[in-house]
Amino acid sequence: MAAFWHDPNVRMVFWALVKILVILQAMLGVVSYMIYAERKIAGHMQARVGPNRVGPLGLFQPIADVAKLFFKEEFIPDGANKVIFHIAPMLAVIPALIVFSVVPFGPQDALRVTDLNVGLLLFLAMSSIGVYAIVLGGWSSNNKYALLGGLRSSAQMISYELPMGLSCIPVILLAGSLSLVEIVRMQEHWWFVATPFGLLAFAIFMITALAETNRAPFDLPEAEAELVAGFHTEYSSMKFGLFFLGEFANVISISCIAVTLFLGGWNGPWLPDAFKFVWFFLKLAALLFFFIWVRWTYPRLRYDQLMNLGWKVLLPLALANVLVTAIVVWWRAQG
Amino acid sequence: MTLALFAAFAALLVGCSLMVILHRNPVASALFLVLAFCSLAGLYLLLHAEFVAMVQVIVYAGAIMVLFLFVIMYLNLRHDVEQGIAVAVRRGAGWILGILLLAETVAFFKGRWAEGPVSAPDLAPVAGNTQAIGQVLYTRYLFPFEITSVLLLVAMVGAVVIAKGRGPGLHPAAPAADAAADAKAAAPDHAGGEA
Numbered sequence: 001m002a003a004f005w006h007d008p009n010v011r012m013v014f015w016a017l018v019k020i021l022v023i024l025q026a027m028l029g030v031v032s033y034m035i036y037a038e039r040k041i042a043g044h045m046q047a048r049v050g051p052n053r054v055g056p057l058g059l060f061q062p063i064a065d066v067a068k069l070f071f072k073e074e075f076i077p078d079g080a081n082k083v084i085f086h087i088a089p090m091l092a093v094i095p096a097l098i099v100f101s102v103v104p105f106g107p108q109d110a111l112r113v114t115d116l117n118v119g120l121l122l123f124l125a126m127s128s129i130g131v132y133a134i135v136l137g138g139w140s141s142n143n144k145y146a147l148l149g150g151l152r153s154s155a156q157m158i159s160y161e162l163p164m165g166l167s168c169i170p171v172i173l174l175a176g177s178l179s180l181v182e183i184v185r186m187q188e189h190w191w192f193v194a195t196p197f198g199l200l201a202f203a204i205f206m207i208t209a210l211a212e213t214n215r216a217p218f219d220l221p222e223a224e225a226e227l228v229a230g231f232h233t234e235y236s237s238m239k240f241g242l243f244f245l246g247e248f249a250n251v252i253s254i255s256c257i258a259v260t261l262f263l264g265g266w267n268g269p270w271l272p273d274a275f276k277f278v279w280f281f282l283k284l285a286a287l288l289f290f291f292i293w294v295r296w297t298y299p300r301l302r303y304d305q306l307m308n309l310g311w312k313v314l315l316p317l318a319l320a321n322v323l324v325t326a327i328v329v330w331w332r333a334q335g
Numbered sequence: 001m002t003l004a005l006f007a008a009f010a011a012l013l014v015g016c017s018l019m020v021i022l023h024r025n026p027v028a029s030a031l032f033l034v035l036a037f038c039s040l041a042g043l044y045l046l047l048h049a050e051f052v053a054m055v056q057v058i059v060y061a062g063a064i065m066v067l068f069l070f071v072i073m074y075l076n077l078r079h080d081v082e083q084g085i086a087v088a089v090r091r092g093a094g095w096i097l098g099i100l101l102l103a104e105t106v107a108f109f110k111g112r113w114a115e116g117p118v119s120a121p122d123l124a125p126v127a128g129n130t131q132a133i134g135q136v137l138y139t140r141y142l143f144p145f146e147i148t149s150v151l152l153l154v155a156m157v158g159a160v161v162i163a164k165g166r167g168p169g170l171h172p173a174a175p176a177a178d179a180a181a182d183a184k185a186a187a188p189d190h191a192g193g194e195a
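Which chain is which? The protein sequence lines are A and B, in order. Sequential numbering from 1 applies to the first sequence in the working numbering. Sequential numbering from 1 applies to the second sequence in the working numbering.
Among the hints, erroneous ones may be present.
Quick list of in silico lysine-lysine cross-link-like pairs, DSS-like style, CA-CA up to 30 Å [unchecked claim]: (1) A:Lys144 <-> A:Lys82; (2) B:Lys164 <-> A:Lys144; (3) A:Lys68 <-> A:Lys82; (4) A:Lys312 <-> B:Lys110; (5) A:Lys68 <-> A:Lys144; (6) A:Lys40 <-> A:Lys276.
Simulated from the structure, these hints should not be mistaken for laboratory data.
Work the whole structure out from these sequences, hints included.
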């Protein structure tokens, strides 16, 4: 038994599993309290109070919400493709969770699951897999509104993946690495967001992040005025809960990546190395607030406006940005 | 450990590839193809080709198959009900070609099979194989690489020309808006059909 424990492979797998467990639990906690925060902030933005009945300041509201979701009636529509109907909500959550495996929360090895040398690509891969949840959920429901929502989302997410990928390229060029840890290390003295092209890339990244997570003003796949509830029209109970969880998990994972790529990750003044992770979570909280803020401030785009913005504004802008950054990086390397 | 993972990914890959051609529902076939691509990415990872693995997922599973799925859902393909002599001929041709391909593959690999694992000795020392790929792509394979990009450009121009329609004035709206209108017009149709 002792020999088994001293095998480095076994230890690595064990610690990875422990970290995954911790991140998973923390993520679920953050998601439930982000929903609470969203309702509170929305309330205050609309000059009302928000949830305040369950527990002090309504702090137990998320627990009550989840308990309610579990006890709701589960409904599967007639003629739905049952297998895919069940798989789709899982697909909404899993890719978002996988992204956390490459996020460096702090400078220590203990604060990340792994340092993959293609960590950034893993994030892009997972965000492109995330489309399936919505497309399949919409299609398998056998409901025309759900299908329309699914079709819209596939068009929207494919369109916005391109500028999102392109807005990551300036960071790769500046850092010279695809590893997220390395990217953060390169920002020790100067965050990438504080360079002109970094700022533009950050702006493009955040806009596409809103679109990729289907948050307002890009929540067309679930536009309730036209599509009832879009792709999750037929979902109830905890399956709906999973879509909900997936959306928020996506918001959090994409914000983590934004913090890592542009806002310097764990880097920040004053704190000793052991507490650098506090900076990461402060920046993360700021970005999460940004997501909520935007949602309750801007009206939804029309479909053709959405496509125009993606293809005719963001894509050329991101391409030009890549070109300029490449020239600057090359010029610096020369001189 | 590596062997067990290889066996798992390989079995998944073979199983999924079989399901792609054996399943009657085209959407399920497409999904099995996605899974096959992902297990192939797993095999690449085992070869320490992380970059190729991720690009495999991004390009094939994430982009191309979503478009495939989009088209399949759009067309609302019915379950395969074709019968008759044409199917028999096609099936026979498929068997013959399949066996030929298998024979060729076996013949091709027979001489090289026992040489051991193909390591990449001159690529390994570089920090990551991403850099190695970049270096090779922009030096030794620069010309084919550029040709490929021109090819893609040609395909893109072709797509734009087709999307623009025949002659001026027929499609005044932007292609994106057109697609939206098409989706709206076509969707109730297949929503009514069996999912």
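(message) Checking one constraint from the list: CA of Lys164 (chain B) to CA of Lys144 (chain A), max 30 Å. Satisfied?
(response) 28 Å, holds
(request) Would you check the hint for Lys40 (chain A) and Lys276 (chain A), treating anything up to 30 Å between C-alpha atoms as holding? (result) Given pair Lys40 (chain A), Lys276 (chain A) holds - Cα atoms ~29 Å apart, limit 30 Å.
(request) Measure nothing beyond the straight line between the CA atoms of Lys144 (chain A) and Lys82 (chain A); if it is 30 Å or shorter, mark the hint as holding. (result) Holds, because 17 Å separates the two Cα atoms, which is no more than 30 Å.
(request) Take a quick look at whether Lys312 (chain A) and Lys110 (chain B) sit within 30 Å of each other, Cα to Cα. (result) 53 Å, violated
(request) Compare the distance between the alpha carbons of Lys68 (chain A) and Lys144 (chain A) with 30 Å, and conclude whether the hinted pair is satisfied. (result) 28 Å, holds
(message) Can you confirm whether the C-alpha distance between Lys68 (chain A) and Lys82 (chain A) stays at or below 30 Å?
(response) Given that 30 Å is the threshold and the Cα spacing comes to 24 Å, the pair holds.
The structure is inconsistent with hint 4 alone, although it conforms to all the rest.
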